[in-house]
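Novice: Chain by chain, the residues run as shown.
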Amino acid sequence: MATHEVTFPITDEAEILKLRAGDEVVVQGHIIGIRDRTQIRIFDQGVEPPMDLKGAFLLHTAPGVRKLEDGKYEPVCIGTTTSARMVRFTEPLGAQFGVRAICGKGGFPDEAIEPMQRLRMVYFAIVGGAAALETTQIEEIEEVAWEELMPECLWKFRVKDFGPLTVGIDAHGNSLYHDVQTAATKKLEELFARL
Amino acid sequence: MSAVATDIRQAVEDAAAHLYVWALKDIPQDLRDALVEAQGRETSVPGRRVLDTIVKNVQVADDQGNLVCQDTGIAVYTCRVGEHFPLHPVKIYEALKAGTERATLEHPLRSNAVHTITRENTGPNTGYRLPIVHWEFIADWDGLDVKCVPKGSGSENMSFLKMCVPADGVRGIKEFVLSSIVDAGGKPCPPGIVGVGIGGSADYAMYLAKEAIARPIGTRNHDPHVAKLEEELYELLNETGIGPMGLGGDVTVLNCHIEHADTHMTLNPVAVNYQCWAARRASVHVGPDGSVDFDREA
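Note that the protein sequences, when read in sequence, are chains H and V. Numbering-wise (this note's numbering), the first sequence opens with residue 1 and increments by one. Numbering-wise (this note's numbering), the second sequence opens with residue 1 and increments by one.
What the hints contain is simulated information worked out from the structure, not anything from laboratory work. Nothing here was measured: the structure is a model prediction, and the numbers come from that model. Hints may contain errors.
[Unchecked claim] In silico DSBU-like pairs for lysine-lysine, Cα to Cα no more than 30 Å straight-line: (1) V/LYS56 x H/LYS156; (2) V/LYS25 x V/LYS56; (3) H/LYS18 x V/LYS56; (4) V/LYS25 x V/LYS91.
Let the hints inform the model, and build the full structure from the sequences given.
Specialist: If you want it as C-alpha cells, here you go:
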C-alpha cells in the first residue's frame, strides 16, 4: 500500500488513476465542503452551484464555525459526516461537474463503484469524529456560498497536510468496503454455525 | 471541581451548560484507555492508521481545548432525582434546556436541532421535546445526578430493533446483534460501544440499549446470565473483521454492554444502539444546597 500526496483541484487524471484502494493519501490545496441539503439544492432543485467543481475534492461536512466582524468565518470545529446518505449524487457530480474526489466517513455502498470507475473518481475515507485534528489542517475558510443553508452551505477551504486519508474506492473498480462486507458476510455464516 | 450556589435552579442550569461542553471536549479515562489498547492490538494497515489518528485527535482536542468531534449531537440527559431534592423535575427540565442553549450560543457549538418535517433549525440545540431527558426517581435521597450523553447522528442512525419471538431464544438475540453490526459497517464510526437492550417492550428495549452505551466501558451487567452474553457478544463482534471505520481489521467494537428487563411470556425484543468511538459522557452530582461536583468517570 503506497503513500501519496495530491494537490486539488487536479487537472491531470493520472493523479487519480495512480491511487489504489488501501493507499494512504495526504491532500494539499483547496477542498470544497458539501452536505445533504447542498446537493439536494443542486440536483433536486436544479440550482447551479456558484463555485467551480471541475477537478475538485469534495468533503462531506457541516462545519462548526464562528462569524467574524468582517463577514468571514473562522473554523471552530470541522469534521466529516457519514457519506452513504449522499451516494446518489456521485454520478451527476462526476458527469455534470467534473468532480474527481469525494471524501467522507463510513464509505459508499457498491452502487458508487461503477460510476467512479467510468468517470475516473475516487472515494477517500477520513477518520470520522477526528475533528479536532481535521480543524488544525484547515488553514482558512476562503469562500462560503448559500449561507442560508448554514451549516450545510457550500464551503471552500484551503488545507495543509489534510489527512491521513485512505483510498476507500479507487477509479479501477476496487472498493475496500465491498471487500470488507463480502468477507464479513461470509464470516457471519461461520459464526452463526458456532452459536 | 466543587462549588455551592444558593439558587438551586440557577445551579442546575450552570451545571448543564458546563456539562454539555465538557462532555464534548474531555472524554473519560476508561475510553482513552480502551482506544490505546485497541491501537496496540490492531494488525491491519488501514485499521491501525485509523486508530493512530483517533489517539492523536484526542490529544489535539486536549492541547487545543477543542471538541473531540464536530457532531455536538442531540443532548441526551439522564436524571436521577432524589425524592427530597428541593427542585421539581419541571424546573430541572427548564434548567437543562436553558443550560443547553447557553452552552451552544456561548461556545459556540454547532446547532443540529431541526423540525422533523420542515428540516428548519429550531434553536440552539433545543426544540420541541429537545433536549431529551430520561428520569429515574430515588427514594430516601436529597440529591440530583445528571449524566449528559451528547450522541452524534452517525452512530444514532445505526439503531436497530427486532421483535424476536421466544422460539428464537438467545440465539436469535446473538444473530440479530451480529448482523446489525455487520450491516452498519463503517457508518457508525467503529470501534465503539455496542449497546443492547433485551426484554421489556419495543420502546423500553431501545431505551435500555441507550442506557447500556452510557456505562463505563467494560462494566458488566449485575445478572450473571446477561454478563455472560455481554462477554460472548464482545468476542464474536470482534471476529466479524469490519474493523476501524469499516476499513477491515481486528477491532470492530470496544465492548458490548447489555441492559435487560423482564418481559411478557410471548415477547423477546432486542434493540441495538451503537455508540461511536468518541463515546462522550459526563456527569454532575448536585446537592440539596446547590453544591455541584463534576464527575468524568460515572
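Novice: It remains to establish, for every hint, whether it holds in the given structure.
Specialist: We went through each hint and held it up to the structure:
| no. | hint | verdict |
| --- | --- | --- |
| 1 | V/LYS56 x H/LYS156 | holds (25 Å) |
| 2 | V/LYS25 x V/LYS56 | holds (14 Å) |
| 3 | H/LYS18 x V/LYS56 | holds (28 Å) |
| 4 | V/LYS25 x V/LYS91 | holds (27 Å) |
No hint from the list above goes unmet by this structure.
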